[in-house]
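Peer 1: The lines below spell out each chain.
There are 2 protein chains.
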Amino acid sequence: MHDVMHGIDILVSEVGPRDGLQSISSVMSTDAKKAWIKAEADAGVREIEVGSFVPPKLLPQLADTAEIVHYARSIPGLQVAALVPNLKGAEGAIGAGAHKITIPLSVSETHSLKNLRKTHEQVFEEIRNIVALIKGLPADVRPHFEGSLSTAFGCTIEGDVPERKVVEVAERLIALGCDEVGLADTTGYANPAQVKSMVKAIWAAVGRDKLTGIHVHNTRGLGLANVLAALDLGLTTFDSSLGGLGGCPFAPGASGNIVTEDLVFMLDSMGLKTGIDLEKLLKVREIVKAAVPDAMYGFTPDAGLPKGYVQGGSGWGVSNKLAAE
Amino acid sequence: MHDVMHGIDILVSEVGPRDGLQSISSVMSTDAKKAWIKAEADAGVREIEVGSFVPPKLLPQLADTAEIVHYARSIPGLQVAALVPNLKGAEGAIGAGAHKITIPLSVSETHSLKNLRKTHEQVFEEIRNIVALIKGLPADVRPHFEGSLSTAFGCTIEGDVPERKVVEVAERLIALGCDEVGLADTTGYANPAQVKSMVKAIWAAVGRDKLTGIHVHNTRGLGLANVLAALDLGLTTFDSSLGGLGGCPFAPGASGNIVTEDLVFMLDSMGLKTGIDLEKLLKVREIVKAAVPDAMYGFTPDAGLPKGYVQGGSGWGVSNKLAAE
Numbered sequence: 001m002h003d004v005m006h007g008i009d010i011l012v013s014e015v016g017p018r019d020g021l022q023s024i025s026s027v028m029s030t031d032a033k034k035a036w037i038k039a040e041a042d043a044g045v046r047e048i049e050v051g052s053f054v055p056p057k058l059l060p061q062l063a064d065t066a067e068i069v070h071y072a073r074s075i076p077g078l079q080v081a082a083l084v085p086n087l088k089g090a091e092g093a094i095g096a097g098a099h100k101i102t103i104p105l106s107v108s109e110t111h112s113l114k115n116l117r118k119t120h121e122q123v124f125e126e127i128r129n130i131v132a133l134i135k136g137l138p139a140d141v142r143p144h145f146e147g148s149l150s151t152a153f154g155c156t157i158e159g160d161v162p163e164r165k166v167v168e169v170a171e172r173l174i175a176l177g178c179d180e181v182g183l184a185d186t187t188g189y190a191n192p193a194q195v196k197s198m199v200k201a202i203w204a205a206v207g208r209d210k211l212t213g214i215h216v217h218n219t220r221g222l223g224l225a226n227v228l229a230a231l232d233l234g235l236t237t238f239d240s241s242l243g244g245l246g247g248c249p250f251a252p253g254a255s256g257n258i259v260t261e262d263l264v265f266m267l268d269s270m271g272l273k274t275g276i277d278l279e280k281l282l283k284v285r286e287i288v289k290a291a292v293p294d295a296m297y298g299f300t301p302d303a304g305l306p307k308g309y310v311q312g313g314s315g316w317g318v319s320n321k322l323a324a325e
Numbered sequence: 001m002h003d004v005m006h007g008i009d010i011l012v013s014e015v016g017p018r019d020g021l022q023s024i025s026s027v028m029s030t031d032a033k034k035a036w037i038k039a040e041a042d043a044g045v046r047e048i049e050v051g052s053f054v055p056p057k058l059l060p061q062l063a064d065t066a067e068i069v070h071y072a073r074s075i076p077g078l079q080v081a082a083l084v085p086n087l088k089g090a091e092g093a094i095g096a097g098a099h100k101i102t103i104p105l106s107v108s109e110t111h112s113l114k115n116l117r118k119t120h121e122q123v124f125e126e127i128r129n130i131v132a133l134i135k136g137l138p139a140d141v142r143p144h145f146e147g148s149l150s151t152a153f154g155c156t157i158e159g160d161v162p163e164r165k166v167v168e169v170a171e172r173l174i175a176l177g178c179d180e181v182g183l184a185d186t187t188g189y190a191n192p193a194q195v196k197s198m199v200k201a202i203w204a205a206v207g208r209d210k211l212t213g214i215h216v217h218n219t220r221g222l223g224l225a226n227v228l229a230a231l232d233l234g235l236t237t238f239d240s241s242l243g244g245l246g247g248c249p250f251a252p253g254a255s256g257n258i259v260t261e262d263l264v265f266m267l268d269s270m271g272l273k274t275g276i277d278l279e280k281l282l283k284v285r286e287i288v289k290a291a292v293p294d295a296m297y298g299f300t301p302d303a304g305l306p307k308g309y310v311q312g313g314s315g316w317g318v319s320n321k322l323a324a325e
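In order, the protein sequence lines correspond to chains A and B.
The numbering used here puts the first residue of the first sequence at 1, with every later residue one more than the last.
The numbering used here puts the first residue of the second sequence at 1, with every later residue one more than the last.
Some hints could be false.
Coverage of chain B stretches by chain A, computed from C-beta distances (three or more under 8 Å per stretch; other residues unrestricted) [as the list claims (entries may be wrong)]:
id, segment
1, 63–71
2, 208–220
3, 264–272
Keep in mind the hints are simulated off the structure, nothing from the lab.
Values in this document were obtained by computation on a predicted structure and should not be read as measured data.
Think of the CB as a built atom: it goes at the ideal place given N, C-alpha and C, for glycine as much as any other residue.
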C-alpha cells in the first residue's frame, strides 16, 4: 500500500458505501453510489470500501457491488476495497478487480454464527481457499487480503471477549496466509485503554506490520477518542463512514461508524496529512443525503469549520505556539 | 480540594445546571433543579456548578442561584461551585456559601466585550477586588477561586487565539491571586494536539498545580478525544453536562458541552475511579428530561451499557488481558 500512503500520514478508509448502506433498508441507485465514490475520491479520499460480495438476496442494497468495483477501479489513485464473506465472494471481488479484499471473522463465535452463519473453523477453511486462489494469480493482480477481527472489543451476545482470544485468532489468520489483520469494534464497546492494550498484544504476537488499521464505531460516543489512542501507538489507517452512515445490522443497538467528516477534521486540525480537502468532503454529503435522507449526522458538518481555519496546515493553533517564538 | 478527590482518580464536574440551563430559554423550576442536583450527587458526582451570579434580567433561568447554592451546600460531600462575572457576583456566591467560584475571562478580547461586556483590564480589576474580598474572610469560609480562560482554543469572532496570549493571561490571573486557572474550549475549536501543547505551555508558565482541569465542548465531535489528550498529560478534573445540555449562548454555533454520561462511561471503562454509579447517573436524565424535553442527547444513554458491563472495575476487557495470565 505504499502508493496509497504517498504524501500522507494517515489513510482514511471510507466504508460508507459498504458498512453504511448495508444497514439501511432503502437501496441507493448505482448511479448515486458512483457519484458518491467519485466525489469522495475527488475530495482526496484514497481508499473506499465500495461494497460486499454477499448474495443479493441477503443484502439487496449491495447487489451491484461488482459493477461498483469495476467503476471505482477507473478512478485514478483510488484503492478499491470490498468485503467478502467466503471464497465465492473473493472470486467475485477479484474478478471485478478489487485492490483489497477483507473477510470478517467475529471473534465471538456466537456472533460469527449469527452474522456469517459459520463456525470459526468454517471461516478458516474459506480463508485457506481464498489464500490458495490468490497464490494462483499472477503477482500483478493479487489483491491485498485482510482478515478482520470483528467483535474484538466485546460482543452484544456474549459480552466480554477475552483479549487472549482475539490474539489467538489474529495469529491463526496470519498463519493461514492473510496479509494483515484488521481490528474492528463492531459493537461500539471499546475504550481507549482497551484499544492500546489490544493493539500492543496483537503486535507482540504477529508483528507490527500485520496490523496497521482499526475500525471503530461511535456507538457510545468514544469513537474519536479510540482513534486517538490508536493514533498514539502509531496505527495509520482508520475506517469511517460519511455522515456516520450505518453500522452492523446483525448487532442490535450497535450501529454507528465514526463520522468521516469529524475524523478528517480531527486529523487535519492536529496537523496530520490525510490528503483530503475538508470543504470538498463536506459537499459530498449532498449526494448521499439526496439518496438516503435522515440517515446522516456529524458534528463538524453541523457546526462548520472554525473561523479562519486553514486546511492541510501544520495544525490549528500551532502557528502561534510559544515554542515558535 | 483534597477531600473531593479522596478515593477517586478523576473529578467529573457537572456544569449542566449552570452552563446547560443558561443556554436554554425555558426556565427550570427551583424544585426541579434541586431534585437534579440531589440525584446527581446521590449518583456519586462530587462537584456541581449549580448556577451563575449574574443579573436575573440577563439570565432569568439562573435567577434562583443563591437559593440553589444554599440548598446544594446541605448535601454531604458535594463541592458546590458557582460562576461569577464580577465582584458583586462573588459577594453573592460567598454569601450563599459556594465552595468554589469561577470567573470567566475570554482570552479573545472581542469575545470578552460581547460576553462579559468588559475589556481585559476591567476583568482584571474585578479579579483584584474579589481576591481582596476573599483575603478579608476567615480562612474557613474562603472559597477556591478559579479564573477560567475562555475561548482559549479559538474564537468565533477573532478565529485563531495565539497560545502565547493564553499563557500571558494565565500568568496574569495567577499573579492577581487566583488559586487556579481553568482552560475552556468555549467554541469547540480544540483538537487533541492543541490541548496537549496548551496545557504544557501553561504548566511551564504557572506551575502544574495551577491548572488541573479542562472544560471542553463537543461542537465538532472531538470532545472526548480532547479529554483523552488532557488525561494523558495528567489533568484530573473534567467539566461536562448531563445529556450534553447547553453551551455558550454568546458564541454562535458553539453550543455543546461534552455529555456527562459518555464521559463517565469512558473513564469508568478505562478503569479510572470517578466514584460515580453509571446506572444511577443514567436515571438522573429522567428528572432533567421532564423539565426540559428535547434538549438532551448522549450516545451511551441511547446505546445502553455493554452487555455484562461491570462498573467501577479495573477496566473493560482488562480482566482477560494476556498479561494477566
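Peer 1: Against this structure, judge whether each hint is valid.
Peer 2: Outcome of the hint check:
1. With 0 residues carrying a beta carbon less than 8 Å from a beta carbon of chain A, the segment 63–71 of chain B misses the three-residue requirement, and the given coverage is violated.
2. Evaluation of the coverage hint for the segment 208–220 of chain B: fulfilled, as 3 residues show C-beta separations to chain A shorter than 8 Å, against a requirement of three.
3. With a cut-off of 8 Å between beta carbons, the segment 264–272 of chain B has 5 residues touching chain A; three or more are needed, and the interface restraint holds.
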